[in-house]
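Engineer: Two chains, two frames, some hints: make the complex.
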Amino acid sequence: MIRSRTLDILLGIAGILILLGLWQLVTSYELISRAFLPGPAATFRSLERGIVEGALLPQTWATIERMLQGWLLASVVAIAIGSLIGVSSTARAYLQPTLEFLRPLPASAIIPVAIAVVGLSWKMVLFVVVFGSVWPTLLATVHGFAHVEPRLVEVSRLLQMSRLAFIFKIGLPNAVPDILAGMRLSLTVALILAVVGELLTGELGLGTAVLHASRQYRADDLYAGIILLGVIGLVSNYGLALADKRILAWKS
Amino acid sequence: MAAASNAIELKGVSLSFGSNQILTGIDMRVEPGEFICVIGASGSGKTTLLRMIAGLLTPTSGQVLLHGKPVRSPTRRVAVVFQDYGRALLPWRRAYANVSLPLEAGGMPAAQRPARIRELLAKVGLANHEDKFPGQLSGGMQQRLQIARALAQEPDTLLMDEPFGALDAMTRQTLQDEVLRLVSERKTTVFFVTHDIEEALYLGDRVVALDSNPGRVAYDIKVPLPRPRDQLTTREHPEFLRLRREMFEIMNKIHA
Numbered sequence: 587m588i589r590s591r592t593l594d595i596l597l598g599i600a601g602i603l604i605l606l607g608l609w610q611l612v613t614s615y616e617l618i619s620r621a622f623l624p625g626p627a628a629t630f631r632s633l634e635r636g637i638v639e640g641a642l643l644p645q646t647w648a649t650i651e652r653m654l655q656g657w658l659l660a661s662v663v664a665i666a667i668g669s670l671i672g673v674s675s676t677a678r679a680y681l682q683p684t685l686e687f688l689r690p691l692p693a694s695a696i697i698p699v700a701i702a703v704v705g706l707s708w709k710m711v712l713f714v715v716v717f718g719s720v721w722p723t724l725l726a727t728v729h730g731f732a733h734v735e736p737r738l739v740e741v742s743r744l745l746q747m748s749r750l751a752f753i754f755k756i757g758l759p760n761a762v763p764d765i766l767a768g769m770r771l772s773l774t775v776a777l778i779l780a781v782v783g784e785l786l787t788g789e790l791g792l793g794t795a796v797l798h799a800s801r802q803y804r805a806d807d808l809y810a811g812i813i814l815l816g817v818i819g820l821v822s823n824y825g826l827a828l829a830d831k832r833i834l835a836w837k838s
Numbered sequence: 133m134a135a136a137s138n139a140i141e142l143k144g145v146s147l148s149f150g151s152n153q154i155l156t157g158i159d160m161r162v163e164p165g166e167f168i169c170v171i172g173a174s175g176s177g178k179t180t181l182l183r184m185i186a187g188l189l190t191p192t193s194g195q196v197l198l199h200g201k202p203v204r205s206p207t208r209r210v211a212v213v214f215q216d217y218g219r220a221l222l223p224w225r226r227a228y229a230n231v232s233l234p235l236e237a238g239g240m241p242a243a244q245r246p247a248r249i250r251e252l253l254a255k256v257g258l259a260n261h262e263d264k265f266p267g268q269l270s271g272g273m274q275q276r277l278q279i280a281r282a283l284a285q286e287p288d289t290l291l292m293d294e295p296f297g298a299l300d301a302m303t304r305q306t307l308q309d310e311v312l313r314l315v316s317e318r319k320t321t322v323f324f325v326t327h328d329i330e331e332a333l334y335l336g337d338r339v340v341a342l343d344s345n346p347g348r349v350a351y352d353i354k355v356p357l358p359r360p361r362d363q364l365t366t367r368e369h370p371e372f373l374r375l376r377r378e379m380f381e382i383m384n385k386i387h388a
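Heads up: the protein sequence lines correspond to chains R and A, in order. Going by my numbering, the first sequence opens with residue 587, and the numbers climb by one from there. Going by my numbering, the second sequence opens with residue 133, and the numbers climb by one from there.
Bound conformation, chain A alone (with noise of 0.2 Å):
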């Protein structure tokens, strides 16, 4: 039972590709309704492990759990939302469309999907763009629209790949808050990948850092900040400036 009670779970997880040894002994555990942010520099392996958690990899040894259960395929309870954005949307549907795509998957009836995509769209804020095609939307709205089809799987837990690496400054916070506010409603589990530590510090409940050649967990701390967060005063907050300050060491001594 208190097995169960963890939405991911892994144990001792290692992946490698022949004698390239990507991750070793991973073990993690996410409560349900938390939000986890996994930190790292390029080659640490942190992409890695949300393939794996996804289903899409499996791993050499060890268990991937979600609730309980050993991972062995994708299932529609997990979203991944990649950040690639253009390359993760169709091209040839149009937004409202791109949306429909994980409840035809999921057998909705028709008759049901029209009110769900038009909700689901006005809460990413694009509901007067259900008629553009993805190559029509600027890069922050792609990614407003890849969450929007994220969302409509109704997964139980989201698992976010850089989703905010290739948008600018103003474009990301904005999208962070938005983030934070979907999730929140619903208490969705997030397994959040990033390479920004403001970013992780910002959103997280928990960061987990890794380090890299093989991947493994250097680095787990609770984010002790009030909710909900708010990008002038969270950020000036004491408790984030003395986090951030020993996170930057911490990647330091990681990378040095």
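Looking at chain R on its own, in the form it has when it is part of the complex (with noise of 0.2 Å):
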């Protein structure tokens, strides 16, 4: 069955207020304590407090602005790692068991030691970031890699191209779509980290501030804060998912 997009949107939509109606509707029999889960109508008002007078948005920016840091540094090194093990049999055998070691050890594992070594900074925060996020994408890149048809690389042979050649004109653009995908898994990693090292560190930004809300009993700037990551999430991934079409226009 072929739906329209319009309708798609729609249907969304009516999620979202379904969503919102039982929000209400818990709220309006007090099922859970208004202390601990605010109405719509109060936590959008600290929403609307937040943004419009300003009061959470430097909170959010420094949020949005240590996940991008840490996935666009995580996805420079993916891609280059996972185009050097693409290309390079002799990097595989190097590096391979040793991201095979370190990619299963959870990210929060890593905390202790990112704090151990660069202190209980946002450097620690960018490095778990970093850490995190990185291995959607290198998979992803290793994976593109493999996948390259084998004419492509007879192609390339009968031209004589070096391997720098091969990464750039033949491989990488081969990647791409898979890289993409892993960039999108990759960015909702960051976010979660991204708050997790400010629940940590107390560096300003929007998981600090729903910690802080939380601890005051302020349940609606709590749930303004969680929506706002919500949101962030959501048009990011939108976003990329924009960019995906265009980016790969050639597919279509």
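To be clear, the hints were calculated from the coordinates, so they are not data collected in a lab. Model, not experiment: these values are computed from the prediction. Hints may be right or wrong, so weigh each one.
[What the hints assert, rightly or not] The calculated lysine to any residue pairs, modelled on SDA-like cross-linking and capped at a C-alpha distance of 20 Å, are:
hint, chain 1, residue 1, chain 2, residue 2
1, R, Lys831, A, Gly267
2, R, Lys837, A, Gln268
3, R, Lys837, A, Leu269
4, R, Lys837, A, Pro223
5, A, Lys143, A, Glu163
6, R, Lys837, A, Gly271
7, R, Lys831, A, Pro223
Structural biologist: Printed below as a string of structure tokens:
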């Protein structure tokens, strides 16, 4: 069945409205104390205060910046290492076991190490964000290189292309669809770890804002912060989906 | 000096994968500018032979020489056109950029490329399609694009591996004539693999038939048909008909 895009968008909005309705019901009947779960109206008032009056803007930007920095750095590292592994069996032999050891480690387990090495600071947060979000893109890049059409490998040999030329003219373009998918996964991980890092270091950000709101029983501010985090995830994911479409125009 | 005058020379070339003998004792000489067609059933090793001349495969014994020099690895002076254009083109590059690839690989300065690329696209009739991705072109157009890319190398030898095998009859004839025109302009040596006897006779100065299991030269005949060739008059030429009958009988005998 083919549904129109408009209908899909309407259904998506309807889903959000239903969730808001349920939320309103739960709070109207006080199924959960208002001290812990304020109504949508109170939350949106807090959100309005935070954004229009600007109380939450520095925190929001700080979190977005932290997430993007870590994600971009992780992407660059992942694509570079992935390409290296993709074209050199020697590099693969050297790196694969180490990477397979590091990859299953939970990023949270790395935090104490990061604190010990770089201290309880923004550098630690960046380190953890990079460590956690490097994997999806790295694996995607390796996968993309491993699945280059054999005919194109022959074409590169026939044209006597250097390894570097192969990476940039054939390997990477071929891996782009995989890399973009990996980067979308990585971005979510980066947001999560940026917030976790804030909670631990107390650096300015939405994570810290949420924690403070919770400790001071400002439930409406707490939920406003959470909604903002959700919106960051949603917007960044849609943004990347849009970029996907543009970059992968040749696929359609 | 006599050896150096051959564009392609095969001396006792054999190839086996493990105990599987693919080709045995192939001797062949192709003069510069000659159009040679190699026919044989599938499994006769004709594509393998082409890959050895391209430098993609190394013979188990014997020698492959291009202009008197042994082939060790591919060189840009030899261009290959594959049958599966859908896989041989870069799907993420537009037609223009696909033709650009050999120029980039050959180190042509960026400023000189556009004129050369447009000239090549015009030559194969794709002047109005330079902004299309291969996936947006028909099979015949994609194969034209691959031919333009091969010509961008300015090869002195062109290796074509059943290039029209996947195309419909009309497109196939058009492309046959285009290839004849393009290579006669530049006096390019062509090694053309096909399983179609009529195609081989129509295009070639010479036709070599391979016997299978293991692949070896069964027959090597000159095609003394006048050029330029024409889809109607050449194919109705008494000599064409005679050679066609002869080739059919040979192929039947081989595969009996």
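Engineer: Now look at each hint and say whether the structure bears it out.
Structural biologist: So, going through the hints one by one against the coordinates:
Proximity of R/Lys831 to A/Gly267 is assessed by CA-CA distance (about 16 Å); at most 20 Å being required, the pair is judged to hold. Straight-line distance between C-alpha atoms of R/Lys837 and A/Gln268 comes to about 10 Å, which keeps the hinted pair within the 20 Å bound. For the hint pairing R/Lys837 with A/Leu269, the CA-to-CA distance comes to about 13 Å; that is within 20 Å, so the pair holds. Distance hint between R/Lys837 and A/Pro223 is fulfilled; the C-alpha atoms sit about 8 Å from each other, no more than 20 Å.
Taken as a hint, the A/Lys143 and A/Glu163 pair is honoured in the structure, with Cα atoms around 15 Å apart against an allowance of 20 Å. Of the supplied pair hints, the one linking R/Lys837 and A/Gly271 holds, its CA atoms being roughly 17 Å apart against a limit of 20 Å. Only pairs whose Cα atoms come within 20 Å are accepted, and R/Lys831 paired with A/Pro223 is accepted, the gap being roughly 15 Å.
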